[in-house]
Amino acid sequence: MTMRTMVEAINLTLAREMARDDRVIVFGEDVGLNGGVFRATDGLIDRFGRDRVVDTPLAEALILGTAVGLAAAGMVPVPEIQFLGFSYQGFHQLAGQIARLRYRSNGRFDAPITIRAPFGGGVRTPELHSEAIEGQLANIPGLKVVMPSGARNAAGLLAAAIRDPDPVLFLEPLRGYRSLRDDLPDDTEFVEPLGRAEVVRDGDDVVIVAWSYQVEVARRAAEELAEDGISVAVLDLRSLVPLDIDSLASIVSRCGRVVVAEEAPQTAGFGGEVVATIVEHCFYDLEAPPQRVSGYDVPFPMAQLEDRYVPSVGRVVAGCRRVLEVAP
Amino acid sequence: MTSAADQRGPSDDDLRGMLRTMIAARIYSTRCFNLQRQGRLGTMAPVDGNEAVVVGTTYALQPEHDWIFPQYREQYALGRYGDEVIRRHALYLAGHPEGSNYPAGLNVFPCQISLAAQVPHAVGMAWGLMRQGLPGVAVAFFGDGASSEGDFYEAANFAAVIKAPVVFMLVNNGWAISTPTSMQTAAATFADKAAAFGMPGVRVDGRDPIAVWEVVTAARARAVAGEGPTLVEAVTHRLGHHTTADDPTRYIPVEQLAAARAADPVPGFAAQLHSVGLWDDELQAEAEAAANAVIDDAVDQALARPLAPDAFFDHVFAQPTPRMTQQRALLLELEAEGRS
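Residue numbers (our numbering), protein chains in the order written: chain S, 24 to 351; chain X, -6 to 333.
Derived from the structure by calculation, the hints contain no laboratory data.
Treat the numbers as computed from the prediction; the structure is a model and nothing was measured.
One or more hints might be untrue.
With a cut-off of at most 25 Å between alpha-carbon atoms, the simulated SDA-like pairs for lysine to any residue come out as follows [as the list claims (entries may be wrong)]:
hint, chain 1, residue 1, chain 2, residue 2
1, X, Lys186, X, Gly143
2, X, Lys156, S, Asp269
3, X, Lys156, S, Gly72
FRET-style restraints, in silico, Cβ to Cβ [said to hold, decoys possible]:
hint, chain 1, residue 1, chain 2, residue 2, range
4, X, Ile170, S, Arg73, 38 to 46 Å
5, S, Pro149, X, Ala189, 25 to 33 Å
6, X, Leu127, S, Arg204, 26 to 34 Å
7, S, Arg277, X, Arg321, 40 to 48 Å
8, S, Pro80, X, Asp290, 45 to 53 Å
9, X, Gln320, S, Phe306, 15 to 23 Å
10, X, Glu326, S, Asp251, 42 to 50 Å
11, S, Pro164, X, Leu250, 36 to 44 Å
12, X, Leu325, S, Asp269, 18 to 26 Å
Here a beta-carbon is modelled for each residue, glycine too, at the ideal position from N, C-alpha and C.
Using the sequences and the hints, build the whole thing.
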């Protein structure tokens, strides 16, 4: 076991997968010579060469569109979109083409495409770098949406994503790249299956359902509430598509009270999907209406106000207290 | 025009094959147009006017190695890739999902509706072939209108950077539904755009299949030699409707349409082969009968092809999500009760 940051875990996993399977090709803006603007692809070009680690022009539709042809040619494309907000410039290739390659070829073509993209608040980026648009992506049939919450699951889930025969959006929280660390297995075959949530903290009184960096926020909120003797569970969804409905229903039914924490705007965000799923499966076990702690229904704000927009530990604690106030 | 002795052109057999394929394309397209009018097939885009472009191109290719990335108009004229293309396309027009599944070994991508989206796909395929050391080139067909999409510029630019083995076949038929080329670009020609990408741009008479054959033969040779892509502008005229949902008399001047029809490439090429003794009325009748038999069979099979009510759950993912499995079970339950 070795202690690594999240971005180191991603880098290590990319190198392992490229070494394991020579069909894997990494490409995108600044992924080669520069090793990625966050160093996620650092050193790959030296190890695997310019044919397999390719700096592309600034062209998101090209990056996503060529992935379709590469996959049909038998390659395993791992494109990077430098920031998820930039994916709008290739959204038609993502939603209209990559997501439908298997479907519109009626099964002729696999689409083993893993699209890595950092996103999320907390690092004072300029506009369109921080947007949490996972709900928009999860609404596109044919795409898997995977959102690691730490170094360990980033490594295990990225390996699974690259090996998956279907397209996976692998969304990496900017704020977690260097602040989140885990002891990582040295096993080159460390793979964690997609579509399984993880109980990262057990508890009885209320469960916080979260994904990506909000899992870390939820953990801290749970610790704060524990000081008042409140027992808080945290469920890390890890992937939105496929959604682990069984794990979600099981823990919500046991706790009876639930808070969903997400960075995206509240209206039509994935948190709404989570709450709807809870209501369908756990209605008679609920002791209080579910609460959502989300971004607000505004565009992601400029840096001075972003701490008020991204759900904080304080807001998640307040959300938990609201669901706990309701008498059984 | 050529003879078998002329090694630089298509053989006599190929010339006859090209004409047969053009005749078949017109028959397939016309039949499907009429079947749409009868309510038996769905919306379709006639190939009328583009036959020589598609046929001249495909006869310059090696179907076992070279990939076609069509839009939605070329399928009728892809006979060089086998009759299976029209059989699948009939299924597509019948609304059957197997219509987009060209079997393995048939190097044709599914019909593309999102204009120019297939252009980066072709570049990706060419890039993948190149990286794996596989023979073959990718040919993207797209129109004068689609050339205004960003996908074309992004893809062409990158293809030239990496010297991808691609042929960009820009079919300029004068109209993007109702928008004339003069509203599409201020460039003197579409081929001129190649200069900005750093690749050759060639303008060719898209009504002359031999001229198209020559240009694509050269572009293919350049691509497989590792010298990179070529932009070909094939100039022709749309002879009628954009699709079955279109009325061209609203925007194409009557005299322009009449002039285009007078220069129809299909009878034009037949007359050309007639004049050098490579074609006659008997061969014409045989070609027409063969094409009619293929399309009759393709349409009959397409309309009779069974389709399960829950088939749309197939091929979204390799394995369905748990939720999709629940949804599918519910659909089948309602189906059994006659309430789906």
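Hints and how they fare:
Our distance criterion of 25 Å between C-alpha atoms is met by Lys186(X) and Gly143(X), whose separation comes to about 13 Å. Restraint check for Lys156(X) and Asp269(S): not satisfied, since their Cα atoms lie roughly 50 Å apart, outside the 25 Å limit. Between Lys156(X) and Gly72(S) the CA atoms are separated by roughly 17 Å; this keeps the pair inside 25 Å, and the hint holds. Look at Ile170(X) against Arg73(S): about 43 Å separates their beta carbons, and that is inside 38 to 46 Å.
Between Pro149(S) and Ala189(X) the C-beta distance comes to about 30 Å, which sits within the given range of 25 to 33 Å. Between Leu127(X) and Arg204(S) the C-beta distance comes to about 43 Å, which lies outside the given range of 26 to 34 Å. Look at Arg277(S) against Arg321(X): about 29 Å separates their beta carbons, and that is not inside 40 to 48 Å. For Pro80(S) paired with Asp290(X), a C-beta distance near 47 Å keeps the hint of 45 to 53 Å intact.
Between Gln320(X) and Phe306(S) the C-beta distance comes to about 19 Å, which sits within the given range of 15 to 23 Å. At about 48 Å, the beta-carbon gap between Glu326(X) and Asp251(S) stays in the expected band of 42 to 50 Å. Checked against the hint of 36 to 44 Å, the C-beta distance between Pro164(S) and Leu250(X) comes to roughly 42 Å, which is consistent with it. At about 22 Å, the CB distance of Leu325(X) to Asp269(S) agrees with the hint of 18 to 26 Å.
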